[in-house]
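Novice: Given next are the chains, with one letter for each unit.
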Amino acid sequence: MGLVTSQSKQKREQEMAAVSQKVKKTKLSFSDLVIPIASGILFIILAFAVFIPMVTSAFEYLDEIKETNEKIDQLEKLNKQIDSLDDNQLNDDVLTSRQVIPRILLVSNFVFYLDELAKEKSLEISELSSADSINGVSGPIGYTGDYLNVIAFLEDVQSVSPYMIRLENVEVSAKEEGDWSISLQVSGYYILEADKDPDIYAPFQPYTEYEDVVEIFKRKAESID
Amino acid sequence: MNNTQTQNQNVAPMQNVSPAAPQTNNTQPTVNPTLAEPSKGPQAEGFNLIPAMSQEEKAKIKTKNTLNIGSILSIIALASVAIGIVSFNILSKAQLNSKKASLSKIEKTTVSKMDKIISNNAIVDRAVLYLQVKKDSFSHKKIIEFFTEIASKTEGITFRSMDISEDLTFEISGTGPSLERIARLWYLFGVHENIKSINLQSVSKSDTGVTFSFEGELNITNFINE
Numbered sequence: 001m002g003l004v005t006s007q008s009k010q011k012r013e014q015e016m017a018a019v020s021q022k023v024k025k026t027k028l029s030f031s032d033l034v035i036p037i038a039s040g041i042l043f044i045i046l047a048f049a050v051f052i053p054m055v056t057s058a059f060e061y062l063d064e065i066k067e068t069n070e071k072i073d074q075l076e077k078l079n080k081q082i083d084s085l086d087d088n089q090l091n092d093d094v095l096t097s098r099q100v101i102p103r104i105l106l107v108s109n110f111v112f113y114l115d116e117l118a119k120e121k122s123l124e125i126s127e128l129s130s131a132d133s134i135n136g137v138s139g140p141i142g143y144t145g146d147y148l149n150v151i152a153f154l155e156d157v158q159s160v161s162p163y164m165i166r167l168e169n170v171e172v173s174a175k176e177e178g179d180w181s182i183s184l185q186v187s188g189y190y191i192l193e194a195d196k197d198p199d200i201y202a203p204f205q206p207y208t209e210y211e212d213v214v215e216i217f218k219r220k221a222e223s224i225d
Numbered sequence: 001m002n003n004t005q006t007q008n009q010n011v012a013p014m015q016n017v018s019p020a021a022p023q024t025n026n027t028q029p030t031v032n033p034t035l036a037e038p039s040k041g042p043q044a045e046g047f048n049l050i051p052a053m054s055q056e057e058k059a060k061i062k063t064k065n066t067l068n069i070g071s072i073l074s075i076i077a078l079a080s081v082a083i084g085i086v087s088f089n090i091l092s093k094a095q096l097n098s099k100k101a102s103l104s105k106i107e108k109t110t111v112s113k114m115d116k117i118i119s120n121n122a123i124v125d126r127a128v129l130y131l132q133v134k135k136d137s138f139s140h141k142k143i144i145e146f147f148t149e150i151a152s153k154t155e156g157i158t159f160r161s162m163d164i165s166e167d168l169t170f171e172i173s174g175t176g177p178s179l180e181r182i183a184r185l186w187y188l189f190g191v192h193e194n195i196k197s198i199n200l201q202s203v204s205k206s207d208t209g210v211t212f213s214f215e216g217e218l219n220i221t222n223f224i225n226e
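Heads up: the protein sequence lines correspond to chains A and B, in order. Residues 1 to 225 (UniProt numbering) are what the first sequence spells out, left to right. Residues 1 to 226 (UniProt numbering) are what the second sequence spells out, left to right.
It cannot be assumed that every hint is accurate.
[To be verified] Computed cross-link-like contacts, DSS-like style, restricted to lysine-lysine with a CA-CA straight-line distance of at most 30 Å: (1) LYS121/A <-> LYS134/B; (2) LYS116/B <-> LYS66/A; (3) LYS196/B <-> LYS153/B; (4) LYS196/A <-> LYS113/B.
[As the list claims (entries may be wrong)] Have a look at the derived ranges for each label pair, beta carbon to beta carbon: (5) ASN219/B <-> SER173/A: 19 to 25 Å; (6) LYS66/A <-> LYS135/B: 36 to 42 Å; (7) ASN219/B <-> GLN74/A: 28 to 34 Å; (8) ILE224/B <-> ASP132/A: 17 to 23 Å.
Calculated directly from the structure, the hints in this document are not laboratory data. Since we're looking at a predicted model, the values are computed, not measured. Where a beta carbon is used, it is the ideal one built from N, C-alpha and C, also for glycine.
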């Protein structure tokens, strides 16, 4: 009986040792956590070094795509508007407009025109001077003559003139010998055109929206011819 | 101690048999089966002393397997995020390049029509300038004719000068036969819709008649240049 007891005790001890070793093997060790921890650290490093810059730049690309789409839409609209303009009509109208408001208005031309108009109304010159100003030629002029002719001169300068003219400070006064004198400040306008091409993204307005003004230009240009 | 134990696991232990123990027969001694693998018959090479795994041990092994799957999943997640972000970036860039190519094409088309744009802008600039200049312009002829018409309603009034400014203020001077006539002229100007305000600036009476000068402001409504 004693032999059996010692044998079974020894066996139990051996079995317990085997079990404890097996349990030791199945315990969660540091090596089991290496991969998840390494993955986490790698993710954080990649996030700061690669992912965040890439996502940021991707969103910038999306913004640029949005802007590019808007530009494409704008240019497509512009092309449609340009295509709607008749080439021949546009060329005629721009020539007419440049006659009424020229690219450059020479003082000599302007003064010559005013003096010719006054002579047509039988007015005598009392004062005439002109000089360049901003986008225009201006100066005081003075004539004397019959009352009706003075009034007709005023009307023609303002309404019939081929140039775009503005009158300021008009003074009409009777002279002792029965004639009337007129003195006024007169300005003629021109538009300096830039040499460089316009920006294609600048707001575009088709000139057909100003057809009534273009008609006025045509009437004025006819009077030049 | 461990080495000894390990050896004990793999090597069949020597059975200490007491001489006093009764021998049943001449065959090999019977061996008691282990807890891990109970032997049904006699084994020639040895015994497996490793006990069968208990439920607790099985659970621990399962936990360890789960942790290994977690590692794999973390790597897969990392790879997925990386692939997703890189793909998003590449696709965005590719789409942008495609759009820019389209824009460049349309820009070329538009630039080829630059002459038409320049001509159109030239007309528009002139039309805008014309409207600006003409916006507040008025007919001086109409104003002078208006003054003359009012004067004609009062006998003996003669204007000597009419001064009209850009801000529609005016100054007129002349002569009349009497103060009553000047007063009537003043009244006619004062009640007319074309006159915003009028003041008798000066008046003087002499043997030859009365001289006067008015100053005031016109209402542009009826004098706009058409």
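Novice: Each hint should be assessed against the structure and marked as holding or not.
Specialist: Here is what the structure says about each hint:
no.: 1; hint: LYS121/A <-> LYS134/B; in the structure: holds (25 Å)
no.: 2; hint: LYS116/B <-> LYS66/A; in the structure: holds (28 Å)
no.: 3; hint: LYS196/B <-> LYS153/B; in the structure: holds (20 Å)
no.: 4; hint: LYS196/A <-> LYS113/B; in the structure: holds (15 Å)
no.: 5; hint: ASN219/B <-> SER173/A: 19 to 25 Å; in the structure: holds (24 Å)
no.: 6; hint: LYS66/A <-> LYS135/B: 36 to 42 Å; in the structure: holds (40 Å)
no.: 7; hint: ASN219/B <-> GLN74/A: 28 to 34 Å; in the structure: violated (45 Å)
no.: 8; hint: ILE224/B <-> ASP132/A: 17 to 23 Å; in the structure: violated (30 Å)
The structure fails hints 7, 8 (numbered hints given earlier, in ascending order).
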